[in-house]
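One line per chain: the protein sequences are P and H, in this order.
Going letter by letter, the first sequence gives residues 0 to 243 in numbering that gives the first Met the number 0.
Going letter by letter, the second sequence gives residues 0 to 528 in numbering that gives the first Met the number 0.
Calculated directly from the structure, the hints in this document are not laboratory data.
For glycine and all other residues, C-beta sits at the position ideal for the given N, C-alpha and C.
Do not take every clue at face value.
[Stated by the list, open to error] The calculated label-pair distances, taken between Cβ atoms and stated as ranges, are:
no., chain 1, residue 1, chain 2, residue 2, range
1, P, 141, H, 460, 56 to 62 Å
2, P, 91, H, 527, 24 to 30 Å
3, H, 503, P, 148, 53 to 59 Å
[Unchecked claim] Simulated crosslink set (SDA-like; lysine to any residue; CA at most 20 Å straight-line):
no., chain 1, residue 1, chain 2, residue 2
4, P, 159, H, 414
5, P, 159, H, 356
6, P, 159, H, 12
7, P, 159, H, 346
8, H, 484, H, 495
9, P, 159, H, 4
10, P, 159, H, 473
Read off the chains here:
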Amino acid sequence: MTELPGQASRQTGRESLLEARGVRKSYRSGGGRLDVLRGVDFELQPGGFVSVIGQSGSGKSTLLHLMGLLDAPDDGGVWLGGERVDDLPAARRDRLRNTAIGMVFQAYHLLPELDALENVLAPLYVRHSLSAWLREGAAARARARGLLERFGLGERLHHKPRQLSGGEMQRVAIARALVAEPRVLLADEPTGNLDEESGAGILDTLCELNRRDGLSIVLVTHDAAIARRADRIVRLAAGRVESV
Amino acid sequence: MYKLLLCWRYLRTRWIALASVISVTLGVATMIVVNAVMAGFSNEMQTRIHGILSDIVFESHSLSGFQDPQWHMEEIRRAAGDSIAGMTPTVAVPAMLSFQVRGQWVTRQVMFIGIDESSHAQASDFGRYLQHPENRRQLSFLLRDGGYDTVDSQAEAPGPTRPALEGAGWPYRRMRVERERLWRERQEEQERATGGPTRPVDRQVDAVLAATDPATARPPADDARPDPFKAARPEEGRAMDPANEQFTGIVPGIGLASFRDNTGVDRFLVLPGDDVKVTFPTAGTPPKAVSDTFTIVDFYESKMSEYDSNFVFVPIAALQRMRGMIDPQTGIPSVNSIQVKLRDGADLDLVRDRLRKAFPAELYAISTWRDKQGPLLSAVDMEMAVLNILLFMIVAVAGFGILAIFFMIVVEKTRDIGILKSLGASSAGIAGIFLGYGLFLGLVGAGAGLALGLAITWNINRIRAAVEWFTGERVFDPSIYYFFKIPTIVHPATVLWIIAGAVAIAVTASVLPAIRAARLHPVEALRHD
Numbered sequence: 000m001t002e003l004p005g006q007a008s009r010q011t012g013r014e015s016l017l018e019a020r021g022v023r024k025s026y027r028s029g030g031g032r033l034d035v036l037r038g039v040d041f042e043l044q045p046g047g048f049v050s051v052i053g054q055s056g057s058g059k060s061t062l063l064h065l066m067g068l069l070d071a072p073d074d075g076g077v078w079l080g081g082e083r084v085d086d087l088p089a090a091r092r093d094r095l096r097n098t099a100i101g102m103v104f105q106a107y108h109l110l111p112e113l114d115a116l117e118n119v120l121a122p123l124y125v126r127h128s129l130s131a132w133l134r135e136g137a138a139a140r141a142r143a144r145g146l147l148e149r150f151g152l153g154e155r156l157h158h159k160p161r162q163l164s165g166g167e168m169q170r171v172a173i174a175r176a177l178v179a180e181p182r183v184l185l186a187d188e189p190t191g192n193l194d195e196e197s198g199a200g201i202l203d204t205l206c207e208l209n210r211r212d213g214l215s216i217v218l219v220t221h222d223a224a225i226a227r228r229a230d231r232i233v234r235l236a237a238g239r240v241e242s243v
Numbered sequence: 000m001y002k003l004l005l006c007w008r009y010l011r012t013r014w015i016a017l018a019s020v021i022s023v024t025l026g027v028a029t030m031i032v033v034n035a036v037m038a039g040f041s042n043e044m045q046t047r048i049h050g051i052l053s054d055i056v057f058e059s060h061s062l063s064g065f066q067d068p069q070w071h072m073e074e075i076r077r078a079a080g081d082s083i084a085g086m087t088p089t090v091a092v093p094a095m096l097s098f099q100v101r102g103q104w105v106t107r108q109v110m111f112i113g114i115d116e117s118s119h120a121q122a123s124d125f126g127r128y129l130q131h132p133e134n135r136r137q138l139s140f141l142l143r144d145g146g147y148d149t150v151d152s153q154a155e156a157p158g159p160t161r162p163a164l165e166g167a168g169w170p171y172r173r174m175r176v177e178r179e180r181l182w183r184e185r186q187e188e189q190e191r192a193t194g195g196p197t198r199p200v201d202r203q204v205d206a207v208l209a210a211t212d213p214a215t216a217r218p219p220a221d222d223a224r225p226d227p228f229k230a231a232r233p234e235e236g237r238a239m240d241p242a243n244e245q246f247t248g249i250v251p252g253i254g255l256a257s258f259r260d261n262t263g264v265d266r267f268l269v270l271p272g273d274d275v276k277v278t279f280p281t282a283g284t285p286p287k288a289v290s291d292t293f294t295i296v297d298f299y300e301s302k303m304s305e306y307d308s309n310f311v312f313v314p315i316a317a318l319q320r321m322r323g324m325i326d327p328q329t330g331i332p333s334v335n336s337i338q339v340k341l342r343d344g345a346d347l348d349l350v351r352d353r354l355r356k357a358f359p360a361e362l363y364a365i366s367t368w369r370d371k372q373g374p375l376l377s378a379v380d381m382e383m384a385v386l387n388i389l390l391f392m393i394v395a396v397a398g399f400g401i402l403a404i405f406f407m408i409v410v411e412k413t414r415d416i417g418i419l420k421s422l423g424a425s426s427a428g429i430a431g432i433f434l435g436y437g438l439f440l441g442l443v444g445a446g447a448g449l450a451l452g453l454a455i456t457w458n459i460n461r462i463r464a465a466v467e468w469f470t471g472e473r474v475f476d477p478s479i480y481y482f483f484k485i486p487t488i489v490h491p492a493t494v495l496w497i498i499a500g501a502v503a504i505a506v507t508a509s510v511l512p513a514i515r516a517a518r519l520h521p522v523e524a525l526r527h528d
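Full structure from sequences and hints, please.
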């Protein structure tokens, strides 16, 4: 498939922020082949909030990984800001993951050796060399501290992940995803491991980020009630888009 | 930045990895200690070899030597230029040393070396190894009136005492002569009473007394040159008074005259003041064996048993005269060799090569002191090299430990690796974390090894004493090694090589785990439990 960058925007008339077009992905499983995505189209407008919903195994997390450049599609492509990004060299994809894409996972995925503040700073640690960090470090720390305080974790800056509750860890993970000022936030079942109250709190945070800060968000969930908080819902079933 | 941060955090939190570097620490410490001790031994050995040999030895291929050492020394000075600090001629011949112990004759094969007492000490460290303080300052072949060291002057810690040397010299000689006189008188009385010697031992003693009679023991003085040792010998034709006169003085190696008992005390078979007989070849062709009686005036102790139980020093002029090495017509002497001492900082090999160009190789052998002891020094170097290879294997084995533990850590940290990749870390960056971690561990292991190694090296004699006290066994027996303490020298360059090698092994061991970590797929890594 050889689509040109910008093709999607020509089709939609308005430039998409993030777009997947005809993506296919299959994995080897046992002796056979498991087709997880069978030609999925997806589009996120700047400032949009889209939920991807589907049952387990429907391919929603795989789609998120492809759009987050953690994996490459077997066919089709991914565009970010009108530029095809899935076939870029590894170094440029690494840079895009660091600067343009923020990711939040169901299992929080915080680094256990680092405290809350350091976890939030992790993308900036990855971005800067030691000398650059000596120049930029103070500003970065102030920004990370500000984010944690905004999410009600001002008292927990130096607590290790094992000392935080699930909701707190997820808020740290969201702060980490936002500290690098990404163009899009990809959230994979962010409330999946949380109790109802904590989950609602996380969801409120995401909605506020979208509405107040204009952050573009893709939210993957299997819960229809959560999915309804988004502007648009994309339903996946058996590796295909069932409805939009 | 994240690589540094995570390396540091892993170092502080992963104790299992620190355990893996214990073997690096032990390997580095062992290598430092072994190298320091070997270097100490090697240095002691070289010092002692150098103590007997001057920087360059200029010698004849023949036992008869070469004539006119003065002319040779001038030629050597001309060829070597400003590098010469001092020169002294020597004559060395194989000989047999005989002395009596409790009525029994003990005979030993020795190297009989004639030295110039005024200049020899300038060309080598010979003087340092004598037992009389005055002789250490200026060697004399005249018997001293007591004052020999009863404590080993070369032992920094109080070593085994030598009580037998107290009173050695003239007091001992007079006492011995008096005792012999009394014993002989008693024998004569018994002989008068019984009509002649009855016991075999008596007959032996008579034979000894006859042999040590100066009138029969000394070869005729047939050269016309003035004898520098005339004062030290009785006048011809006159019976010698052994209580007040001595024969030509000699300085045997201490190993020829003593042994160390199991309490560490040196026991002497003969003492300064005793007379001994030496048999050696003349310089003519064919050589004939001649004997003479000499008086021990001191002992030489280089702590190299090869020298201490082989060398006997004698005034060169006396030896030249006895061997017939002085031309009866011209009075010009011959010598075997010339010992050349160079100024500090002079290039030994350069001077040796200049001298080799100036003198025909068919007549003279010119070598540095290192050349002379080449096989021994090479053997020590080889021993050190083999030991280092073996010990480095220990560190290499430690490398495999690091490899295994790092693989374990990579598996344990798989999800963290996925997280870092999701945050934009490159594969090279991930590999860098583990390589950096290996480097940190190597530095910690080698640093701890350095500290431990230096601590052991600097306290090795205390540790030896503690082990000996605890076990009741001698760990380092001075009677075997002739050192009273274990000598150590720490060469900074060697230590740096050891540390660099250990760190390199730790980093190399982390390469494979680092590659594995770098190749992890981020999605699979994130799903890892």
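Consistency of the hints with the structure:
1. 141(P) / 460(H): 56 to 62 Å: holds, 59 Å
2. 91(P) / 527(H): 24 to 30 Å: Holds: the Cβ-Cβ distance is about 26 Å, inside 24 to 30 Å.
3. 503(H) / 148(P): 53 to 59 Å: violated, 47 Å
4. 159(P) / 414(H): Satisfied, since the Cα-Cα distance of roughly 17 Å is no more than 20 Å.
5. 159(P) / 356(H): violated, 79 Å
6. 159(P) / 12(H): holds, 13 Å
7. 159(P) / 346(H): violated, 66 Å
8. 484(H) / 495(H): violated, 26 Å
9. 159(P) / 4(H): holds, 15 Å
10. 159(P) / 473(H): Given that 20 Å is the threshold and the Cα spacing comes to 56 Å, the pair is violated.
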